[in-house]
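Undergrad: Chains S and H, in that order, are what the protein sequence lines are. Position 60 (the first sequence) corresponds to 60 in the numbering used here; numbering is contiguous. Position 74 (the second sequence) corresponds to 74 in the numbering used here; numbering is contiguous.
By construction, these hints were calculated from the structure, which means they are not laboratory data. Incorrect hints may have been included.
Unchecked claim - Okay, derived cross-link-like pairs now, BS3-like style, lysine-lysine, Cα gap no bigger than 27 angstroms in a straight line:
no.: 1; chain 1: H; residue 1: K54; chain 2: S; residue 2: K40
no.: 2; chain 1: H; residue 1: K56; chain 2: S; residue 2: K38
no.: 3; chain 1: S; residue 1: K53; chain 2: S; residue 2: K18
no.: 4; chain 1: H; residue 1: K37; chain 2: S; residue 2: K40
no.: 5; chain 1: H; residue 1: K68; chain 2: S; residue 2: K22
no.: 6; chain 1: S; residue 1: K38; chain 2: S; residue 2: K19
no.: 7; chain 1: S; residue 1: K38; chain 2: H; residue 2: K5
no.: 8; chain 1: H; residue 1: K56; chain 2: H; residue 2: K68
no.: 9; chain 1: H; residue 1: K71; chain 2: S; residue 2: K40
no.: 10; chain 1: S; residue 1: K19; chain 2: S; residue 2: K9
no.: 11; chain 1: H; residue 1: K56; chain 2: S; residue 2: K53
Here is how the chains run, residue by residue.
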Amino acid sequence: DTEVTQTPKHLVMGMTNKKSLKCEQHMGHRAMYWYKQKAKKPPELMFVYSYEKLSINESVPSRFSPECPNSSLLNLHLHALQPEDSALYLCASSQAPTGTGLYEQYFGPGTRLTVT
Amino acid sequence: DQQVKQNSPSLSVQEGRISILNCDYTNSMFDYFLWYKKYPAEGPTFLISISSIKDKNEDGRFTVFLNKSAKHLSLHIVPSQPGDSAVYFCAARSLLTGNQFYFGTGTSLTVIP
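Build the full structure now, drawing on both the sequences and the hints.
TA: Given below as structure tokens:
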């Protein structure tokens, strides 16, 4: 099973709403990622969890709050977002880096978020 | 600061011919390079990778070439098929940054039947 699942597929929320994006993988990967992708742009790294601990936070505003409840699940809690936060949010997973380990990331299909 | 660049936003190729997608990088510490393919409304799918100790890696119709001195890699698709039409991203990683992958801006490939 090389699948990363994300729910919901689409989300429309107002600027005062609180919502959560969910991501799940069952490949035994110990690194999980959140990316944000705008149209015609590359995926932008937001957060990395390695062994359920936050290892990279790319100066993301506090209105985005990640959570990794266990090694298979990754959440992104959203609160008081702005219209410019509208984007495709991608989750990915991979083996955690060990030594010279070479590994790829597996991406989910993404959640298309629209903030009104 | 874009460390991985794909200077061609789009490419059109006739079915059956070769598609060549290019990628340049600036960080000499990158040691692992990957190509991803992305269809609309889907997440990127891993295609092929190459370690910095190699200069070529082949998988079926897909071959990736790495020129470390020029900090350049390319993806060759032969023969190109209409189903290859997608956006292709190259990505790079340095062991020093562990889990951080840097992505290029993507090249949209259209294979014309």
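Undergrad: Now look at each hint and say whether the structure bears it out.
TA: Taking the hints in turn, this is what the structure says about them:
no.: 1; hint: H/K54 with S/K40; result: violated (31 angstroms)
no.: 2; hint: H/K56 with S/K38; result: violated (32 angstroms)
no.: 3; hint: S/K53 with S/K18; result: holds (23 angstroms)
no.: 4; hint: H/K37 with S/K40; result: holds (14 angstroms)
no.: 5; hint: H/K68 with S/K22; result: violated (39 angstroms)
no.: 6; hint: S/K38 with S/K19; result: holds (20 angstroms)
no.: 7; hint: S/K38 with H/K5; result: holds (17 angstroms)
no.: 8; hint: H/K56 with H/K68; result: holds (11 angstroms)
no.: 9; hint: H/K71 with S/K40; result: holds (24 angstroms)
no.: 10; hint: S/K19 with S/K9; result: holds (13 angstroms)
no.: 11; hint: H/K56 with S/K53; result: violated (36 angstroms)
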